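Visitor: Okay, here's what each chain looks like letter by letter:
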Amino acid sequence: MPGKGLLIVRQRSLIAITAALAAGALTLTACGSRDEDGGGSDSNGGGTTVVIGVDAPLTGDLSALGLGIKNSVDLAAKTANKEKTVDGVTFKVEALDDQAQPSSGQQNATKLVADKDVLGVVGPLNSSVAESMQKVFDDAKLVEVSPANTNPALTQGTKWNGGEKARPYKSYFRTATTDAIQGPFAAQYVFNDAKKKSVYVIDDKKTYGAGLAATFTEEFKKLGGKVVGTQHIDPDTKDFSAVATQVKSSGADVVYYGGEYPQAGPLSKQIKAAGAKIPLVGGDGIYSADFIKLAGASGTGDLATSVGAPVEDLPSAKEFVSAYKAAGYKEAYEAYGGYSYDSAWAIIEAVKKVVEDNDGKLPDDARAKVTEAMQGVTFDGVTGKVAFDEFGDATNKQLTVYSVEGGTWKPVKSGTYEG
Amino acid sequence: MSGVGPVEPGEGTHAWDTVEPAPPLLPGTPRERLRSLYARHRRAALASATAVALVACGSYLFATRPHDPPPPEAPNPSQAVSITYLGQEGTPAGAPSRSFSFAVKVTAQDGPTITVVRISQPYASLSLTSVPRPPFRTKPGFGHKIVVTMHVTECANVPSNAALPFLDVTLRNTRAIEDHSFILGERYAHDLSGALQVACSNDSRSSPKR
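So the protein sequences, as listed, match chains A and Z. Heads up: the first sequence begins at 734 in the numbering used here, then just goes up one per residue. Heads up: the second sequence begins at 123 in the numbering used here, then just goes up one per residue.
I should point out that these hints are in silico values taken from the structure, not numbers from a laboratory. Bear in mind that the values here come from a model prediction, so they are computed numbers and not experimental data. Glycine included, every Cβ here is placed at the ideal spot set by N, Cα and C. Some hints here could point you the wrong way.
[What the hints assert, rightly or not] The calculated BS3-like cross-link candidates involving lysine-lysine, where the alpha carbons are at most 30 angstroms apart (straight line), are: (1) A:Lys1118 to Z:Lys261; (2) Z:Lys267 to A:Lys1051; (3) A:Lys1002 to A:Lys954; (4) A:Lys1118 to Z:Lys227; (5) Z:Lys261 to Z:Lys227; (6) A:Lys930 to A:Lys1010; (7) Z:Lys261 to A:Lys930; (8) A:Lys898 to Z:Lys227; (9) A:Lys930 to A:Lys903; (10) A:Lys874 to A:Lys903; (11) A:Lys938 to A:Lys1143; (12) A:Lys903 to A:Lys849; (13) A:Lys849 to A:Lys1094; (14) A:Lys928 to A:Lys959; (15) A:Lys1094 to A:Lys1058.
[Unchecked claim] Covered, in the sense of this in silico footprint (three residues per stretch, anywhere, with C-beta under 8 angstroms from a C-beta of chain Z), are these stretches of chain A: (16) 914-921; (17) 1041-1054.
One chain only, chain A, in its complex shape:
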């Protein structure tokens, strides 16, 4: 039988060990609590729902660009909800299909205005569609941010080229650069870098295409280039053999096309098939992977300008590119993905400002307040610094020339407007 002294020693040891175990357990508890501190609660807190509308062509020929816009806005909303960017507000996305038709765009605008939860709209893709929507949104003081419209008149009025710039609608903003820069930038590249001196200009008669062709032509002539022919095409057809023959006989060493890829692809193919082995150049409307598919192998060497710097090259876009991939969207983000994310984020930032200025709640005149706040929004976005000038145009004005090489668009020159 153990003696009394031994028993005391054993009890003391037990107490010491128990204390050590308790300390260990507490430490382990601390181990587990670190993550929870930073993560926050996962609940939405049952706050307000704010809807961001999207208007874009989700079906039809231009759906590749439209779906990239929709998905990118969706990603922005999900990110804001996950990060609880606006306390007490959950963002939802309502995407409507305009099929690139102005009439559909106007109906969608009316529908979005009727939903009181919609506090901002991203879109549309087409400048002609934007023209039909602007007034509807402006009458309702509902802010609209386009990631893709490039026609200068949308922000600077129809007399912009005569030096009389006047903003027609206070509720309209855009993150894309305008054709007032895109057309001349393309002309400078074609004339000075590509050394092409005679051009055949074609457009689709639409607001975007005709406008872009005009700004290109004006600058190309000023540089000393010659316009050896002009023609309009019907965007509803895919047979361009007549104009292709005219291009061939004109002796042009380059074709400039103001329009979009569903027509530009076959046009390029048919011009080459007619025997004119000259590049076709277009704007952001042809900067799509679908153009390359439609133009075929003979499209190698064709050129496109597009808004912004190549997203893949921007450190600020890395997170967007990987998040887009991780989200598992079926369609690529295409030419306007980064600009669409930034457009949606501008709305989120404006909503945040309005909520914060109103003691954490949305005011009764939330739409008007969000539109007002948009003018002062500034943040580091996917495409760089996002802010708007007095016309509602993006202050970040970058452009890139891409060339079709090896079945893909390769950036060949980038420029920044610093005026």
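Dock chain Z against the given chain A, drawing on the hints supplied.
Guide: Relative to the frame of chain A, chain Z by itself:
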């Protein structure tokens, strides 16, 4: 019987070489044996368990300690530099006839140093020099004034009225070297057109210098 040999087993005795099962070292089921082992080495076991727990926790805390965020990746140099047009300048002494000068401000954002490797312009009928002469390094956040002098080599093909002329600049930082066009805006376009008209006017063979 003589000699040494095994004793004959008698009644009630067992033969010595009979195999009997050895008594168990520790009686009972494995669980009981473990309990018995633990009872005999309780202090050592508890001390070991505590030590293991503390070491595990310490390792976990060490491995998951907050790290300083990695330094942000340097942007492409063209995304970290702005070039703005300042205005016309007097042409330096010794410049050839049909020359004119203007100044631009090169400003690099905070971050890795950016070197201006080359400044050029895209028109075949013009040549360009600048002071300071590239390559030169920019100081982040500081506006460097660069005086650019253009010389008309052939009046027939000058861009007399370009709306958006630009300067081509080659920039380098730790991330990349790249060519970028800086479109300097309407005032630059206006001044360039005016200077070209003066340089190539019939009566200005000796007067393009300002």
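Visitor: If a hint holds in the structure, say so; if it doesn't, say that too.
Guide: How the hints compare with the structure:
no. : hint                   : verdict
1   : A:Lys1118 to Z:Lys261  : 21 angstroms, holds
2   : Z:Lys267 to A:Lys1051  : 33 angstroms, violated
3   : A:Lys1002 to A:Lys954  : 26 angstroms, holds
4   : A:Lys1118 to Z:Lys227  : 20 angstroms, holds
5   : Z:Lys261 to Z:Lys227   : 12 angstroms, holds
6   : A:Lys930 to A:Lys1010  : 15 angstroms, holds
7   : Z:Lys261 to A:Lys930   : 41 angstroms, violated
8   : A:Lys898 to Z:Lys227   : 27 angstroms, holds
9   : A:Lys930 to A:Lys903   : 41 angstroms, violated
10  : A:Lys874 to A:Lys903   : 8 angstroms, holds
11  : A:Lys938 to A:Lys1143  : 28 angstroms, holds
12  : A:Lys903 to A:Lys849   : 20 angstroms, holds
13  : A:Lys849 to A:Lys1094  : 15 angstroms, holds
14  : A:Lys928 to A:Lys959   : 12 angstroms, holds
15  : A:Lys1094 to A:Lys1058 : 34 angstroms, violated
16  : 914-921                : holds (count 4)
17  : 1041-1054              : holds (count 6)
Checked against the numbered hints listed earlier, the structure breaks hints 2, 7, 9 and 15; every other hint is satisfied.
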